[in-house]
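The lines below spell out each chain.
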Amino acid sequence: MTRLAVPKTYKLYIGGAFPRSESGRTYEIVSAKGAFLANASKASRKDARDAVVAARAAVGGWSGATAYNRAQVLYRVAEILEGRRAQFVAEIVDAEGVSSAVATAQVDTAIDRWVWYAGWADKYAQVAGNANPVAGPYFNISVPEPTGVVAIIAPQDSSLLGLVSAVAPALVSGNTVVVVASETLPLSAISLSEVLATSDVPKGVVNVLTGSPAEIAPWLASHQDVNALDLVGAGALDWVDLQIAAADTLKRVLTPENGPDAAAPSLGRITAFVETKTVWHTKGLI
Amino acid sequence: MSFLEYAPAPESQAILNLRSEYGLFIDGEFREGHGTPFASISPATEKHIATISTADAADVDAAVAAARRAYDRTWSRMSGADRGKYLFRIARLVQERSRELAVAESLDNGKPIKESRDVDVPLVAAWFFYYAGWADKLDHAGLGANPASLGVAAQVIPWNFPLLMLAWKIAPALAAGNTVVLKPAETTSLTALLFAEIVQQADLPPGVVNIITGAGATGVALVGHDDVNAVAFTGSTPVGRAIAKSVAGTNKKVTLELGGKAANIVFDDAPIDQAIEGIVNGIFFNQGHVCCAGSRLLVQESIHGEVVDRLKARLSTLRLGDPLDKNTDIGAINSSAQLDRIRALSDIGEAEGAERWTAECTIPENGFWFAPTIFTNVSTSHRIAQEEVFGPVLSVLTFRTPAEAIAKANNTPFGLSAGIWSDKGSRILAVADKLRAGVIWANTFNRFDPASPFGGYKESGYGREGGRHGIASYLTSGTPARPAVAAAVTKPKTVTKGATK
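Those protein sequences? They're chains A and B, same order as listed. Residue numbers for the first sequence follow the numbering used here, so the first one is 35 and each next one is one higher. Residue numbers for the second sequence follow the numbering used here, so the first one is 1192 and each next one is one higher.
Treat each hint with caution, since some may be false.
[Claimed, not checked] Calculated lysine-lysine pairs in the DSS-like style (CA-CA distance at most 30 Å, straight line): (1) A:Lys-317 x B:Lys-1305; (2) B:Lys-1503 x A:Lys-237; (3) B:Lys-1625 x A:Lys-237; (4) B:Lys-1615 x B:Lys-1599; (5) A:Lys-317 x B:Lys-1615; (6) A:Lys-157 x B:Lys-1444; (7) B:Lys-1599 x A:Lys-317; (8) B:Lys-1305 x A:Lys-157; (9) A:Lys-80 x B:Lys-1599; (10) B:Lys-1625 x A:Lys-317.
Read the hints as simulated data drawn from the structure, not as lab findings. Predicted, not measured: the structure shown is a model, and the values here were computed from it.
Can you build the whole structure from these sequences, using the hints too?
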């Protein structure tokens, strides 16, 4: 006798909670072979705005945490992911129609990428900042700081690795994130949200929306309280229009990348979303 | 005769050897532009200085083509050491001709000679000297080994620090191995054209530096040119926004240095004498035509009365008048258009209920002038507390706690600079951490140095100029560029105005 399985309801991840879309909309997620997998929430403009509010509220705490603490929290995400490897592998096999070995490689790479970025949290400032030898009696130093709220259109052809590759570097410096997951491969994004919710990542630091990037992205690109826009997965959208909309508030923008190397690990993905603050401290005359 | 009445002491203009007409500087030579020439006048006297060419689209094409040729054939192939030597030469030539440049700058821009002579021009030389040394050390700029130059840089600069902004743009671009086409602001083209002569004296290969003059349309054509790889703009936030839109979907690397509404925060334990001087320097330096000017004074409530009284007393000693006079503190407003804007916003300040005080001084008959002005009883929602006046107008607000000061300081879409005045080091460090601004001065204000990165947060733009960060703005990492997705559509250009910062 076979056991009847208990399917999971996939919802959004906003402010540390798992709400359904306020619009009540869902859309069908099917496997690579066309079989029904689940109904995912189809996020609306209002959900995107709620996510930005949650992300903004989380900026102070996350950017104010010590770099050592952020490093440990990010590392803990990798630990929890490691414990759930089997779940992610099964999900990716179903969704992408790849072999177990290929799915395993994607999950392992994603875990290792979290570890790599976690280690940057208390080091990148030493690489990206420096003291400046100005011609006068001043202690002058330039330090990088997070830019604030980063909206991300995740790579669309990857369940987990693309998402992790875009989200993790934005978090390193203390930014908070609103990410629109892959439209057709969103289930691992919600499972990753469960990992984030049960690790030590404060609520609101990562907010995950599923649904149509074409519908949601314009609201994020033009949102007054979003500081930066990562269009890495927006190659199929009218992304130039998104970049133009982002210019109204002079957002920092990364443009789309295609292929398996999209959002490849780099220090540049961390520093793309930081600001350089230069402080002149007057030295007394003694 | 009071202690403020001195005999006039104007700097001699005999050192200038100006032409009556200036063409465009393209491919190492001056040539006439195809647009309608315009007059450059002295804002202090409204007298004609010279007639200057306007570059039309064809001239922009020619300048970009010259820069491209110079990049391909000469500059990108030259060793960093040799590029550096050219920049060192330029730095020395600027020093040698410094008095002439200072006189020309004060004549054309209206700023006091003591500022052009002691601040602008020395910094110009320092900027070239600093970046000259970077040219053969690019492996250490933070982008990994063998970083690559970008190609042709389109640079559009404002009228407030004409020659200094030119140096901020050209020095790092050339050190990194790029060639440039630079457009100075319409009202202040003169020193850029004198700089072109210096470029000739330095025997820089033709086309490495091209200087084209004209109004906003020339800038639009330059920034939007297809064969440009980098865009650097200093000016107003609206124009910066338009540029950001016009380059969307291209691979142009962009640096934007835009507006500001800096908070200058004075705590009750501040060294008060230095703070008063710092406040004055923060907003009345260069007639307040400074993007990072400390235009919002946040004073702790307990010392508000004392600070305002002392500020008024100090401002009453400032001398407004002939920019070329060595005793002048406040020069002329750069243009009648800018004067209109300062007047309009000041009138709005009064209409919205702020209390206006203006220093008593004699306003010359001709030219564009605005006496130092302070508004008290200003609230954060007043337009004079939100919008960039870009003139000698200070808005005074108060606070009680550090948290309130931080909240008010950050209550602006801008984020270029800020000042903190306090004797308590730990408070300065904590407040500096919380301010969302790219440059923060503690117990000083309006300090600039080629080694120190400058640039804003939020709607004050992005990218940095100065220091190691400034050279990185003109480089890309040595590894092959990531696979970019081609833009499907070409967007119409939306830039409509020139640099008016």
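Now for the hints, and whether the structure bears them out:
{"no.": "1", "hint": "A:Lys-317 x B:Lys-1305", "in the structure": "holds (25 Å)"}
{"no.": "2", "hint": "B:Lys-1503 x A:Lys-237", "in the structure": "violated (50 Å)"}
{"no.": "3", "hint": "B:Lys-1625 x A:Lys-237", "in the structure": "holds (22 Å)"}
{"no.": "4", "hint": "B:Lys-1615 x B:Lys-1599", "in the structure": "holds (20 Å)"}
{"no.": "5", "hint": "A:Lys-317 x B:Lys-1615", "in the structure": "holds (13 Å)"}
{"no.": "6", "hint": "A:Lys-157 x B:Lys-1444", "in the structure": "holds (26 Å)"}
{"no.": "7", "hint": "B:Lys-1599 x A:Lys-317", "in the structure": "holds (27 Å)"}
{"no.": "8", "hint": "B:Lys-1305 x A:Lys-157", "in the structure": "violated (44 Å)"}
{"no.": "9", "hint": "A:Lys-80 x B:Lys-1599", "in the structure": "holds (29 Å)"}
{"no.": "10", "hint": "B:Lys-1625 x A:Lys-317", "in the structure": "holds (21 Å)"}
Against the hints set out earlier in the document, violations occur for numbers 2 and 8.
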